[in-house]
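K.L.:
Keeping the supplied structure of chain H fixed, place chain A upon it in accordance with the hints.
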Amino acid sequence: MKIARLTAFTLAGIVLLEVTSAVILGGVYYNRSGDDSRKIILTERELALPYRYGSNLENSGIALRLNYRVATGRKHEYHFSGGGSPAWFGKEKLAELGYDVSSALDTEQQRRAYRKLRDKEALLVLEYDGATYQSALAFAQKTLTEKQQQLERDPLSETYKNQVKQARQMLEREQISSSRLFVVDVGRDEQALRKQYPDSTRHIIAAGKVGVSIRSEKGQQWQVIGTIRSLSIGETMAGHWHNPFAQYRGNYRTMGKPAAVRSDTGQTAYLPCPAPGPTLSGISSLW
Amino acid sequence: MNQLSKSEAQQRVDQIHSFQAEMNELEQERVLQLTDAQRQALHNYHAGLVMQLSHSFDIDHDQRSRQLSLGMRVASFLGALALAASVFFLFYQYWGRMNTHAQVTILIAAPVFMFITTMLIAARDQSGYFTKLAAMVTFACFVLKLVMLGQIFNITPSDRAFIVWAAFAFLLAYSCNTRLLLAAGILCISAYISARTGTWSGMYWLDFGERPENFFPAAVIMLLVPQFINHRHFWGFASIYRVFGLLLLLLPVLLLANWGDGSYINADEDIIEGGYQLLGFALSALAIWLGLRKHWPEVINTGNVFFVIFLYTKMFDWWWEIMPKYLFFLIIGLTAVLFLLIFKRLRVTGLLSVRGAQ
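Protein sequence lines, in the order shown, are assigned to chains H and A. Read in order, the letters of the first sequence are residues 1 to 287 in our numbering. Read in order, the letters of the second sequence are residues 288 to 645 in our numbering.
Chain H with its partners taken away, still in its complex shape (with noise of 0.2 Å):
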């Protein structure tokens, strides 16, 4: 009785071992089933080495965290990794998203019920050394620029020294190792996307996660906008130990910012993108 009642136990539960292994691996063949010119090669300055510590120094995979940045349109956090609230993404594009975006916010209470509002799962398009990286670059430049000619009507300005410095430092860190892919657009349909953004080799659409801030600056009214809060796939496995990283793995394993790594050494890392989160198909030296 025992033993009828446990070989039955055993077959089902094997068929549901097995069974998920065949969903994952067919999905994970589906994701792989695109053609190769859906390829985006990127640099290691979007694909670094991440931050390990804890526990988690044990871990012998090495994974690469994918460097994506947001515009926002102030002046002051051009330069900044990961989330943030872009220009672009106003109560037009959270409406489109499912929010309700409706009601005013001149009173506590509809503020509170804008804050009650959680964060969703959409679409992110990721553009990579396009337009938004262009302006991102002339930025840096136009301020180098205008810090500089303050120094040369006041040279002994400590104060103008310090911000051509300053200003200096961004430049280089737009033109050598600051990354170049930025969310530029979010959504829901997948095929819309893709059709606005043919060129694959050049856009990654990618799950992620978004979310609605509320904000009044000096006075102003207050206004809704969206935020990018991450992607749902934040890292990448960089395959097995013999890869071209496997040389790092002294300084990964204990690294703050291993400056090794940091500049643009040339590490080429290809991404086809078939379906939403990108996949790493393959990491080569550009020299």
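Rather than coming from a laboratory, the hints here were simulated on the basis of the structure. There's no promise every hint is true.
Unchecked claim - Cross-link-like lysine to aspartate or glutamate pairs, in silico, DMTMM-like; alpha carbons within 25 Å at most:
1. H/K91 to A/D494
2. H/K116 to A/E316
3. A/K601 to A/D557
P.N.:
For chain A alone, kept in the frame of chain H given last:
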């Protein structure tokens, strides 16, 4: 005899020991005297019955074995958790040195191998302690498989993973009669139900914990399961469902009673917190009443604990800042005395009603 469950068999053996002790007392007091033949027949019958039950169910046949089995339960629980953690870290330590094919092969084969091993152990292990260890490691291998395949192939995280984890945990729990795995299954399925509740209200599924009310549907379902499914042959399963149901209900209420901003309700924070404080008192009192009525000790205890927590957090809110500390703790102490008196009275009332029924 196989129709009995393990708990019923244990109950029968306890009953026999009580009967024998009382019989000795009665004979010493000369209230009842059996002939030698009767005494021998009774002894033989009880000895045979205890042996048969011990053989079939691996129950505790005396006080010493009861104490030992408690120690074994604790050891197997801790061992199961430690072994499961060990499997996780073992893989983490070495997986970076393997190629993708080796990683996938190990991840797919490990749960199957461990599952078959668990079933073989379950077929031989009467005590269930070793089965519990093996079942927990099997479950850890399965969780690891989904997590690591997700990482290797960059699969977008999904709440559906909780369904398969829950299904596998329930399968292991019911096949091996293991409450630890039942608890794991309940946690997984509750996480799935709560995540779904969150997504229906429009939130990102991984943020379901940000709105504690998302746990209420799962709590209701867990409380109802033992009402509709007979767990006579699964000792302690119904209690686990009820305890987890109450935790899923009362913990979010406790949280919202102190963090009104976490609620779906768009109202003043103080009003929300006040409402949930009242609800917390009402629900814990209801749990105590229901537990007394239905003879569910685990429900009474959970209700008691939460009632006291709700009361003490309220007292802390009201008086910690304004009272001298000696007075605050004096009131806490006096409240404990008051509780003791109430419970004593309840006990006496219960005893009287039993006598009245007799």
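K.L.:
Can you give the numbers of the hints that this structure goes against, from lowest to highest?
P.N.:
The structure conflicts with hint 2 only, although it agrees with all the remaining ones.
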